[in-house]
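Asks: Spelled out from the first residue to the last, the chains are:
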Amino acid sequence: MRIELISLGHVYPTGDEALKGVDLVIEGTEPVAIIGQNGAGKTTLVKHFNGILRPTSGQVLINGEDINNRSTAQWSRDVGYVFQNPDDQIFLETIRKEFEFGPKQIGMPEEKIKEQMDFVSELCLLKDKLDLHPFDLTLTEKKFCTIGSIIMMDPKVIIFDEPTCGQDVEGNKRLKNIVKTLQDMGKLCITISHDMKFVVENFRHVIVMCKGKVLLDGDSKEVFSQVDKLKQSFVSPPPITRVAQKAGFKETVFNIDEFMREFDNRKEK
Amino acid sequence: MREVVVKVEDLKFRYREGKKRALDGVSFEVFKGEFFCIIGANGSGKSTLCNALVGLVPYYFTGNKKGSVVIDGVDTDNSSIAELSQKIGLVFQNPFNQLSYTASNVAEELAYGLGNHGVPRDEMIKRVEYVAKLMRIDHILHKNPLELSGGQVQRVAFGSTFILEPNILVLDECTTQLDPLGSEEIFDIVKELNKTGITVIMVDHDMERVARCADRIMVLDKGKTVCIDTPDAIFSNPDIVNYNIEAPDYVSICKALKERGYYSGDYKITEEPTVEVVKEALVK
Ligand SMILES: Nc1ncnc2c1ncn2[C@@H]1O[C@H](COP(=O)(O)OP(=O)(O)OP(=O)(O)O)[C@@H](O)[C@H]1O
Ligand SMILES: Nc1ncnc2c1ncn2[C@@H]1O[C@H](COP(=O)(O)OP(=O)(O)OP(=O)(O)O)[C@@H](O)[C@H]1O
Ligand SMILES: [Mg+2]
Ligand SMILES: [Mg+2]
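Keeping their order, the protein sequence lines are chains A and B. The first sequence begins at 62 in my numbering and counts up one residue at a time. The second sequence begins at 481 in my numbering and counts up one residue at a time.
Just so you know, the hints here were simulated from the structure itself, not pulled from any lab data. Where hints are given, some of them may not hold.
Reference listing, derived: stretches of chain A covered by chain B, where coverage requires no fewer than 3 residues with Cβ under 8 Å from a Cβ of chain B [claimed, not checked]:
(1) 288-298
(2) 303-310
(3) 314-321
C-beta atoms are modelled at their ideal positions from N, C-alpha and C, and glycine is treated no differently.
Isolated chain A (complex conformation) (with noise of 0.2 Å):
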């Protein structure tokens, strides 16, 4: 799949001007991730990939194809987006209903309808709470509901919007393990957050987005290693790159092992 946007631009009918001249192109099935201060208009793009905004000024391309010439249920098919707050998204009575909703409005046959439900009830690890209601489930346990609905619709496109609100160790794995699965699958996942352990854990290409534009675009050492430019959005690095980073280390390091290899060069020096 490709999105491609041509200086995308959203006023909302408030007057808010949230996107300024967005140009961007995203394309194959390498995880994105999306981050940068609070208002600067993420979640406003994003809801742009399926047609629940359209753009008011600029173009929305989908595999070449104009976002306007198709209805946003009819887009949903392609692209999922699991919204930010769990609750603007869950209305009926069980975890098993909220997970049939979708495919049934898109006509998927029953048999593939069942698989999905095995499929995706295990992937989110809520095979045992098909049957609750999602009220009372905990806030990061409705997250998975609501991600577990949208794959279960199997699109080629999958957009969460914060997903990691609160995920403890384990939530953290499941989510990482999905954001595999997916990319294994074919699929190309978009994900906004402003968790930064989780974004370089799990994400190569990073967008950082500052007031209704986009300040940077690349692989995430690069974005990661421009901690002046990344301030002007409210972004700092995660702790180890920071440690590194303050302790002179040249090269950005993710993790553990990289910032030990980094830490044995410059000893050798």
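Got chain A sorted already, so can you dock chain B with the ligands onto it with the hints?
Replies: Coordinates of chain B with the ligands only, in the frame set by chain A:
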């Protein structure tokens, strides 16, 4: 003796719809002016405990409650949510649940609770301006709270608790939607407040932050108090992995250096001391 402002004794609670107890034996005390952190896996009962501290359990979330919660000398069973809100304020885990859904703009949203507290109008205006600046939301005061970005909502939610100036502040993972530097900024504000004598009880999954802020930490597991100790003691204990908790990354750096013989001291749990350890190890 330090003054105890929160005392929880053998607290147990099962939600009306719940199959098992969300809290199953929680006991602790918090001293006046303390920065007390609560950590534990997803579903270990942290939010339920926060709700019990401010009276939402059992007055809003009904169920089967045993044991006692005493806030500033008053048992929550003999109080009400309104009365408790004069002493203790909670910033919700999900900021969207904290909105009044009746205020037409952010300024009104911030002032919402002040009316119930009998704060006069000119004082209200002053406080709204002050808090808006502090939370960096002064540019969106005129906006509808339902037309904000996620992080903006969280800043408003934070501000609307903050503005009531509670003596005890309970923070339930209240910065998950904030950009990294914004979140640091807000914690600097909370730490400053704490220095002036405000008691802070904080739930968070960001162990670097917990290590930096906490005087003491309580670990919860399946609704039970596992232990209460200083950050240094908690994070140098290898058993914490059993409770789905990972020590701050600084500990892994110190450990790795120690294994190679470049360092022999205690594990550091905050950034600056770790940087010093690394710099020294480089020249050693
Ligand atoms: N429905 C809306 N009506 C009017 N303005 C809006 C609406 N939704 C968002 N905005 C404004 O548009 C700007 C961009 O918001 P957006 O939600 O895209 O930010 P974001 O980068 O996702 O931020 P966060 O990290 O806080 O979620 C903000 O200034 C916000 O106040
Ligand atoms: N309103 C509710 N009704 C019934 N059960 C609930 C309700 N809220 C929470 N629970 C259950 O109570 C237990 C404790 O949940 P709680 O939200 O307190 O955990 P938590 O430690 O805050 O988790 P997280 O880290 O995911 O926020 C969980 O098993 C959860 O499913
Ligand atoms: Mg957003
Ligand atoms: Mg919680």
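Asks: Are the hints correct? Go through all of them and say.
Replies: Status of each hint after checking the structure:
Counting residues of the segment 288-298 of chain A whose C-beta lies closer than 8 Å to any C-beta of chain B gives 5; at least three are required, and the coverage claim holds. With 6 residues having a Cβ less than 8 Å from any Cβ of chain B, the segment 303-310 of chain A passes the three-residue criterion, so the hint holds. Judged by the Cβ-Cβ criterion of 8 Å, the segment 314-321 of chain A is covered by chain B as claimed, because 3 of its residues qualify and three suffice.
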